[in-house]
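Spelled out from the first residue to the last, the chains are:
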Amino acid sequence: MAPFPNKDSDEVLDKSAIDEELSDLAVDLLLLSQELINTKLKLETLSKAGWMEMAKARYIMGPSSVSVLQLPTQESEKPVRASATLDVSQCQRNSGSVRYNYYSLCPPSSPSEEQTSGSDGIRLRKFDINVLSEDGAAGSKVEKVAAAAAGGSSAGRSSVNDPIRWFGFMPPMPLRQSQNHFKSAVDTVVEIANIQSEIRGVEDRIKFLNRTKKGKMESKVEGSISTQDLEEEKVLSLEPLNIH
Amino acid sequence: MPASKYKNGEQRMIGVIGDEDTCTGFLLAGVGDKNPKKGLGPNFFVVEKMTKQADIEEGFRSLVSRDDIAVILICQHIANDIRYLIDEQTAIASKSALPCILEIPSKQIAYDGSKDPVLSKLRQFLGEK
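Protein sequence lines correspond, in order, to chains A and B. Take 1 as the starting number for the first sequence in this note's numbering and just add one per residue. Take 1001 as the starting number for the second sequence in this note's numbering and just add one per residue.
By construction, these hints were calculated from the structure, which means they are not laboratory data. Among these hints, one or two may not hold up.
[As the list claims (entries may be wrong)] Each computed SDA-like pair below joins lysine to any residue, with the alpha-carbon atoms no more than 25 Å apart:
| no. | chain 1 | residue 1 | chain 2 | residue 2 |
| --- | --- | --- | --- | --- |
| 1 | B | K1038 | B | D1055 |
| 2 | B | K1049 | B | F1125 |
| 3 | B | K1038 | A | S83 |
| 4 | B | K1049 | A | Q70 |
| 5 | A | K48 | B | L1102 |
[Said to hold, decoys possible] Facing chain A, from chain B, some residues (calculated, C-beta under 10 Å):
| no. | residue |
| --- | --- |
| 6 | I1056 |
| 7 | A1070 |
| 8 | E1103 |
[As the list claims (entries may be wrong)] Per the computed footprint, the stretches of chain A lying under chain B, defined by three or more beta-carbons under 8 Å from a beta-carbon of chain B, are:
| no. | segment |
| --- | --- |
| 9 | 20-30 |
| 10 | 42-56 |
| 11 | 59-71 |
| 12 | 84-90 |
| 13 | 183-194 |
| 14 | 211-219 |
Virtual Cβ for every residue (Gly too), placed ideally from N, Cα, C.
Isolated chain B (complex conformation) (with noise of 0.2 Å):
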């Protein structure tokens, strides 16, 4: 049966957290925003070699309290980094399920489907071992 929709939604953005040339292409396709006037930050975090994980764990909460952001890209190797603060927060993830995190291929390493958090919490959920 196909999907209805039942409430008409709001604008929003995507937030991306990845390495140079990632948050560079997306930036490219469009995706950056920044409003100094309303005190609103960019909305991109670029992740280099020196980066502290400190510094990735405040880049990505600063990204996920922000009301204007629905989706946040995030490099699977750097997600691996931050692994425990995901799951955090999609544990206590509110009824609006918002922002959607999602883990995207990075450069340094390929698309790898049994590490994907999504699919691994999927098959635990079918009963696979």
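Okay, chain A solo, but in the shape it has when bound (with noise of 0.2 Å):
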């Protein structure tokens, strides 16, 4: 009698790597709200920081001087790009078993990108005026002149991009400290970002690993079920027969 694979070994197994991997990924998740409750708050501390420089900033130009006033509008024609941009790609852990988006800040165009999209559509092309010096050809004189006029123009355009400039030419000093607060506190998003979606992938795995266990459960009662019964129906061949 040729006896019956013993799948319970390799079932117990599959099981208790399954339970050891929920325990683990349950005390992730503890980690990462914890984590995620102390970004938060200083994001909040920034803010308040943040706020409190820009109401310093109202109380010196005016109440209308910093409102809502001063923000592009849906109807202004002017078009504003975005300097805080983010870049979002996929991440994987854990031997790729927990995938989660992953954001981060984009550095700031170069000044030599900001002439290329330009609109004149003149390309400048970039010099090193360090080099250029030792060159005493008369060429190079005129060289250095644009490069020194690329400088200037790409600083002063870098400079009208920046939003700061909507409030005035010449914003007070509160005013540009709540910018840098607020560019902290953009910092401090993205990193809550990444914490709210590393949460969300490790809660999709503990689902996935929690749908597979019960699976197994079922498949496993089923299994015991057919075994029993076949098991019975062996008894059953077995019994002698009453011969009178």
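Make the complex out of the two chains shown on their own, each in a separate frame, by following the hints.
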């Protein structure tokens, strides 16, 4: 009589691996939730500091000088380009079991890029002024002037794109400090987005593992029922016949 | 184990739904964007005291439907008014789970972790009553 293959040891191993991973993920969730709370409190602190400085700037410049009236509206035709943009990519950890979106702030565009995307369409070459100063040829002086002009115009253009210019050409120091606080707040917002995304990835993995575990248990129960039926049939078949 | 990137991403923006000072602050940080040539309106929505709930809902829907926004910041007290919309968006979020909706502390109300939906969902997940 061939013995039935014992699947119990394999199933126990899978179940224990699933349980171990589930407990690790539960610990991860707790740590991530704590991190989320701490980061949100940090964001609150930065925002409060920003609002305080904005209130000081409003006191200096007047209530209507720092308000929604200076912000770009739906009706205005002038385009506004965001300098704080996000790069969204996919991340994985734990050998690909946990997948989530990862957000990172894109580096601000360089002055040469701003020049190429300018409305006049003229492309200026980047020159190294230190290298040019060693050359005594006449042409290099023209290039030096062009380089100096390019440097000056790029600084001018980046200052024009600065949103603080919406509030006047000489914004007070509190408004600049408010801007700095909110720039730090944007970094914190990106951190929060990453934590939240990771929490979602871990939750999805936990749901998957719970479904797998439930499926295994159901198949094990069905398997044990069919095994029991087979054993009963065997016992019945082995019963001796009463021959008189 | 440290996470690794397996798919390079796309550039997207941050949207803001908040009160006047919150929107002004984040726009000062360079978050604001508007491109009338491409038919894209501003990526922020200012909620004032007199703003109607229908307008807030419309503003939220318009930001959520945009393909160029990855994260939407919304003040907690405004999010409480349109909670059902946010839950709906979270439930039907696509596989990429974009845009990510972040509730931020507002000027009027201090941050309350017990009312944070992400944390309350987490507590339910972990079986806490």
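Results for each hint:
Proposed proximity of K1038 of chain B and D1055 of chain B is supported: the alpha carbons are some 23 Å apart, at most 25 Å. As the CA atoms of K1049 of chain B and F1125 of chain B are separated by approximately 36 Å, the hinted pair breaks the 25 Å bound. The suggested pairing of K1038 of chain B with S83 of chain A holds, with an alpha-carbon distance near 18 Å, which does not exceed 25 Å. Distance hint between K1049 of chain B and Q70 of chain A is fulfilled; the C-alpha atoms sit about 19 Å from each other, no more than 25 Å.
Distance check on the hinted pair: K48 of chain A and L1102 of chain B sit about 18 Å apart at the alpha-carbon level, within 25 Å; holds. The interface hint given for I1056 of chain B is broken, as the beta carbon of that residue sits about 15 Å from the closest beta carbon of chain A, more than 10 Å. Look at A1070 of chain B: its Cβ gets to within about 5 Å of chain A, closer than 10 Å, so that hint holds up. Here the hint on E1103 of chain B is kept, as its CB sits about 8 Å from the closest CB of chain A, short of 10 Å.
Restraint check on the segment 20-30 of chain A versus chain B: 3 residues with Cβ-Cβ distances below 8 Å, three needed, restraint holds. Counting residues of the segment 42-56 of chain A whose CB lies closer than 8 Å to any CB of chain B gives 6, which reaches the minimum of 3, so the coverage claim holds. Counting residues of the segment 59-71 of chain A whose CB falls under 8 Å from any CB of chain B gives 5; the rule of at least 3 is met. Only residues whose C-beta sits within less than 8 Å of a C-beta in chain B count toward coverage, and the segment 84-90 of chain A has 7 of them, enough to reach three; the restraint holds.
Residues of the segment 183-194 of chain A with a Cβ under 8 Å from some Cβ of chain B number 7, which satisfies the need for three, so the listed coverage holds. As drawn, the segment 211-219 of chain A meets chain B at 0 residues by the rule of a beta-carbon pair under 8 Å; below three, the given contact is violated.
Violated hints, listed in ascending order, are 2, 6 and 14; each of the other numbered hints is respected by the structure.
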